[in-house]
Amino acid sequence: MAFDLLHLGELTELLERINGTMRSLDGRLESFDATAGSLDEHLVGLSASMESIVGSFESVARSLEKLAATLSYLDTPLKLVTTPLRPVQSVLDVVVNEVTFVRDLYQQVVEEARKTLAED
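Numbering follows the numbering used here, in which position 104 of the sequence shown is assigned residue number 104; successive positions increment by one, without gaps.
It should be emphasised that the hints constitute simulated quantities derived from the structure, not laboratory data.
Computed from a predicted model, the values in this text were never measured in an experiment.
Take the hints with a grain of salt, since some may be wrong.
[To be verified] List of simulated lysine to aspartate or glutamate pairs, EDC-like, C-alpha gap at most 20 Å:
| id | residue 1 | residue 2 |
| --- | --- | --- |
| 1 | K66 | E98 |
| 2 | K66 | D33 |
| 3 | K115 | E58 |
| 4 | K66 | D104 |
[What the hints assert, rightly or not] Label pairs and their computed distance ranges (CB to CB):
| id | residue 1 | residue 2 | range |
| --- | --- | --- | --- |
| 5 | V91 | A118 | 52 to 60 Å |
| 6 | G20 | H42 | 29 to 37 Å |
| 7 | R114 | G45 | 12 to 20 Å |
| 8 | E119 | S72 | 53 to 61 Å |
| 9 | Q108 | V88 | 28 to 36 Å |
| 10 | V44 | E13 | 24 to 32 Å |
| 11 | R28 | E119 | 55 to 63 Å |
| 12 | A69 | R114 | 48 to 56 Å |
| 13 | S63 | L39 | 29 to 37 Å |
| 14 | T12 | H42 | 40 to 48 Å |
| 15 | L39 | V102 | 30 to 38 Å |
| 16 | E111 | V91 | 25 to 33 Å |
| 17 | G9 | E30 | 26 to 34 Å |
All C-beta atoms in this analysis are idealised placements derived from N, C-alpha and C, irrespective of residue type, glycine included.
Go ahead and model the full structure; you've got the sequences and the hints to work with.
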């Protein structure tokens with residue numbers, strides 16, 4: 001009988017330790033859930049910010065496309081003008097090329113941002 005009481009005492013002590021460990025684990029899980037919820041909120045906010053940035057890049061890309069089209073439209077009449085305007089035409093060619101380069105670069109940025117958003 002004494003042997004059984006000894007084992008019963010050890011079992012009770014073991015169960016109390018397990019219970020304490022479970023309470024500690026429960027607290028840690030609650031903390032983890034709170035952290036995960038906060039992280040989710042931050043990720044949603046980050047996603048919204050990225051979408052806004054992509055929208056801004058798209059807007060800039062559209063504006064650059066319009067500017068390139070306008071400069072190209074102006075470039076054609078200048079090509080018809082006489083030789084004194086050749087330097088202006090050369091400058092416009094350089095400007096059109098630079099604007100086109102920047103437009104293409106912005107389009108690449110928009111595409112990369114879209115890919116990043118799609119992955120998230």
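Structure-based check of each hint:
1. At most 20 Å may separate the alpha-carbon atoms for a hinted pair to count; K66 and E98 meet this at roughly 14 Å.
2. Distance restraint check for K66 and D33: the Cα-Cα separation of roughly 49 Å exceeds the 20 Å cut-off, and the hinted pair is therefore not satisfied.
3. For the proposed pair K115 and E58, the alpha carbon gap of about 14 Å is at most 20 Å, so the pair holds.
4. For the suggested pair K66 and D104, the alpha carbons sit about 13 Å apart, so the restraint of at most 20 Å is met.
5. Checking the proposed 52 to 60 Å range against V91 and A118 shows it is violated: the Cβ atoms sit about 41 Å from each other.
6. For the pair G20 and H42, the supplied restraint of 29 to 37 Å holds, since their beta-carbon distance comes to about 33 Å.
7. Hint check: R114 to G45, Cβ distance near 19 Å, so the stated range 12 to 20 Å holds.
8. Judged by the Cβ atoms, the range 53 to 61 Å given for E119 and S72 is violated: they are separated by roughly 36 Å.
9. In this structure the supplied range 28 to 36 Å holds for Q108 paired with V88, their Cβ-Cβ distance being about 30 Å.
10. Our hint of 24 to 32 Å for V44 and E13 is violated, since their Cβ atoms are close to 47 Å apart.
11. Under the hint 55 to 63 Å, the C-beta atoms of R28 and E119, about 31 Å apart, miss the expected range.
12. Our hint of 48 to 56 Å for A69 and R114 is violated, since their Cβ atoms are close to 23 Å apart.
13. Taking 29 to 37 Å as the suggested C-beta distance range, the pair S63 and L39 conforms, at roughly 36 Å.
14. Taken as a hint, the range 40 to 48 Å holds for the pair T12 and H42, whose Cβ atoms sit roughly 45 Å apart.
15. The given range of 30 to 38 Å is respected by L39 and V102, whose C-beta atoms sit roughly 36 Å from each other.
16. A hinted range of 25 to 33 Å for the beta carbons of E111 and V91 is consistent with their spacing of about 30 Å.
17. Roughly 32 Å separates the CB atoms of G9 and E30, a value that falls within the hinted 26 to 34 Å.
Hints 2, 5, 8, 10, 11 and 12 from the earlier list are contradicted by this structure; the remaining hints agree with it.
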